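Chemist: The whole structure should be built from the sequences, with the hints applied where relevant.
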Amino acid sequence: MQSSCRVTRSRVCCKALSPLPYELRMASAADPPRQHRPRPVPTEFSEPFWEGTRVGELRVQRCLDCAHWRWTPQLACPKCWSERYEWARSSGRGELYSFTVVRRSVDPDRFEVPYVLAVVRLDEGPHMLTNLVECELADIEVGMRVAVRFERIDDDFHVYPFAPEGG
Amino acid sequence: MDLREVAVVGVATTEQVRGSAGRYGLSYGLEALKAALADAGLEKSDIQGLYPMIDQWPQTGSANPGNYLHSNWPAQLGIPIRWFTGAVNSGAGTGASAILDAAAAIAAGYIDTAAIVLGMAASKPADGRTASWTSQAIQWNEWTGTYTAAQFALAARRHMHEFGTAPEHFAQVSATIRNYGHLNPGALMHGRGPYSVQDILDAPMVADPLTRLMCAQVNDGGAAMILSTLERARDLRKPVVRVLGGADQLSYPAYAEPPLLEHALGEAFSTRWVDEGFAMAGVTRDDVDVVELYDGFASWIVMQWELLGFCARGEGGPFVASGVMELDGRYPTCTDGGCESFSHMGAPALLRPLEAVRQLRVESPDPCPGWEQGKHSHEPGKCRQVRDPRVALGVSMGPPTGGGNFVLLARD
Chain A
3 MQSSCRVTRS
13 RVCCKALSPL
23 PYELRMASAA
33 DPPRQHRPRP
43 VPTEFSEPFW
53 EGTRVGELRV
63 QRCLDCAHWR
73 WTPQLACPKC
83 WSERYEWARS
93 SGRGELYSFT
103 VVRRSVDPDR
113 FEVPYVLAVV
123 RLDEGPHMLT
133 NLVECELADI
143 EVGMRVAVRF
153 ERIDDDFHVY
163 PFAPEGG
Chain B
373 MDLREVAVVG
383 VATTEQVRGS
393 AGRYGLSYGL
403 EALKAALADA
413 GLEKSDIQGL
423 YPMIDQWPQT
433 GSANPGNYLH
443 SNWPAQLGIP
453 IRWFTGAVNS
463 GAGTGASAIL
473 DAAAAIAAGY
483 IDTAAIVLGM
493 AASKPADGRT
503 ASWTSQAIQW
513 NEWTGTYTAA
523 QFALAARRHM
533 HEFGTAPEHF
543 AQVSATIRNY
553 GHLNPGALMH
563 GRGPYSVQDI
573 LDAPMVADPL
583 TRLMCAQVND
593 GGAAMILSTL
603 ERARDLRKPV
613 VRVLGGADQL
623 SYPAYAEPPL
633 LEHALGEAFS
643 TRWVDEGFAM
653 AGVTRDDVDV
663 VELYDGFASW
673 IVMQWELLGF
683 CARGEGGPFV
693 ASGVMELDGR
703 YPTCTDGGCE
713 SFSHMGAPAL
723 LRPLEAVRQL
733 RVESPDPCPG
743 WEQGKHSHEP
753 GKCRQVRDPR
763 VALGVSMGPP
773 TGGGNFVLLA
783 RD
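In order, the protein sequence lines correspond to chains A and B. For the first sequence, position 157 matches number 159 in the working numbering, and the numbering has no gaps at all. For the second sequence, position 83 matches number 455 in the working numbering, and the numbering has no gaps at all.
Certain hints may be false.
Unchecked claim - With the C-beta cut set under 10 Å, the calculated list includes, among others, these residues of chain A facing chain B:
| # | residue |
| --- | --- |
| 1 | Arg39 |
| 2 | Arg56 |
| 3 | Val57 |
| 4 | Ser84 |
| 5 | Ala120 |
| 6 | Asp157 |
Keep in mind that the hints were calculated from the coordinates and are not lab data. What you are looking at is a predicted structure, and each value in this text was computed from that prediction instead of being measured. We put the beta carbon where it would ideally sit given N, CA and C, even for glycine.
Modeler: Here it is as structure tokens:
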């Protein structure tokens with residue numbers, strides 16, 4: 003079971019913490035069956051990133067010429083236009099740049115409200131759009147320290163929500 | 373080459389509707405285009421340039437199935453097209469940039485007359501989902517449950533964090549704009565007001581801090597605008613509205629990238645592109661009498677005042693709270709009710725500059741008994757026509773933190 007849906011937490015909190023209709027949640031008797039959250043559709047270009055999530059690494063492009071970290075992925079470095087890059091392993095840690103508690107779901111079949119959409123600024127510099135999990139809604143603050151949690155969608159895909167660091 | 377001056381000679385909107393089952397965006401676009409030609413007193417054979425933005429193109433089996441952009445247009449309109457630019461779209465702003473592009477082609481002499489056509493009919497989603505255009509199948513964000521309102525909420529939250537902007541500021545924006553729409557018989561939300569700031573704050577939360585009444589509605593409809601040379605415009609039937617100039621700046625891919633104030637307000641913050649647009653138009657911000665911003669979300673209006681250089685960075689909240697957007701304020705804004713009340717077809721397309729034209733022509737329907745003769749009381753809360761406007765600003769700015777375009781228009 004993923005750590006984001008702890009039995010010690012309240013039902014409401016559990017909903018808030020776990021925006022994802024995980025397979026294991028789907029299997030529980032308490033929850034009616036629902037669709038998976040959208041499964042990412044990788045390209046040849048992005049496959050190294052998704053491979054990283056399967057082995058617990060948050061990989062971000064880093065320029066081999068000027069060492070600039072970039073997200074979202076691009077063919078060439080926006081700083082120096084070099085096309086030489088590596089998929090470097092990020093610390094997976096950073097701070098909460100912004101967040102919103104979503105009360106009107108983009109798709110009620112796939113996303114149960116409330117869920118927390120967030121932007122995280124990684125310590126390496128880039129910003130990522132993600133979800134915030136494992137946190138009381140009232141405790142969320144811009145600037146708080148967060149760390150990545152990999153969540154399994156299926157054998158091929160893990161996604162990368164963040165949670166309070168050390169939580 | 374000698375540059376020619378350019379004018380708006382025809383405008384039209386169809387009825388704006390919710391959930392137009394069975395009708396195509398093309399159908400709305402054609403209806404609007406016919407009406408705009410009639411407004412101008414021109415024939416379809418006068419159209420040489422075409423700037424279309426259409427969804428729901430019918431699958432008629434003709435050329436380019438599924439492609440609403442290109443070569444089927446001459447077959448549908450029954451005229452050759454000499455200058456075509458589909459989905460003029462810098463920073464998702466498809467209105468002002470199309471006007472600037474058409475004006476450039478006319479000024480240079482490639483064509484004499486151009487039509488901008490908008491027709492949208494895909495607003496109504498199934499099963500309680502948000503409208504189709506509000507979320508995209510991008511592998512980096514689809515799994516998060518993001519959609520347009522949530523992205524703007526992220527930008528709004530960061531603006532609050534950095535500058536102390538408050539939900540009351542956003543609510544003031546929406547109350548002002550929605551109260552214009554309340555007076556506009558053409559608005560989808562006509563007669564639904566008036567709204568207080570508290571009414572806006574008390575509406576159901578969509579994605580905090582944005583309540584439902586801080587968000588644009590989604591609906592279907594059509595709109596069109598015809599441009600020609602100033603020389604020709606002076607021979608036509610409607611008051612002449614000159615295209616003075618403007619500017620366009622693409623900043624980042626909306627929704628694909630996380631919305632960062634830094635895209636526009638951080639290290640790279642600069643109003644230079646706006647300053648240059650005003651300079652080439654030959655007017656200043658002080659000359660502007662009416663402003664049509666893109667009010668997809670109330671928080672975005674707060675930021676647009678900063679991005680356009682009407683107030684300092686971070687001062688957008690207090691700026692709107694001062695009442696500047698009211699009819700008796702310095703810059704009456706979104707005077708038709710904007711995207712929140714008049715119409716929002718899913719793109720910051722043509723409707724904002726189009727309302728600027730109507731204001732300059734003094735042809736705004738409102739409760740004033742003499743509006744059809746151009747007689748208005750100019751009394752806030754009872755009238756929405758700006759008194760004797762000479763210069764108007766029409767803005768199409770799309771991504772949640774920056775990028776877009778604007779056009780400056782003036783009564784001849």
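Chemist: Each of the hints needs a verdict: does it hold here or not?
Modeler: Hints and how they fare:
For the restraint placing Arg39(A) at the interface with chain B, the shortest Cβ-Cβ distance is roughly 6 Å, inside the 10 Å limit, so the hint holds. Among the interface hints, the one on Arg56(A) is violated; its C-beta lies about 15 Å from the nearest C-beta in chain B, farther than the 10 Å criterion. Checking Val57(A) against chain B: minimum C-beta separation of about 18 Å lies over 10 Å; hint violated. Below 10 Å, beta-carbon pairs count as interface contacts, and Ser84(A) has none with chain B, the closest being about 20 Å; its hint is therefore violated.
Proximity of Ala120(A) to chain B holds as hinted, the smallest CB-CB distance being about 8 Å (cut-off 10 Å). At a threshold of 10 Å, the smallest CB-CB gap from Asp157(A) to chain B is about 16 Å, leaving the interface hint violated.
In terms of the numbered hints stated before, the structure departs from hints 2, 3, 4, 6, listed from lowest to highest.
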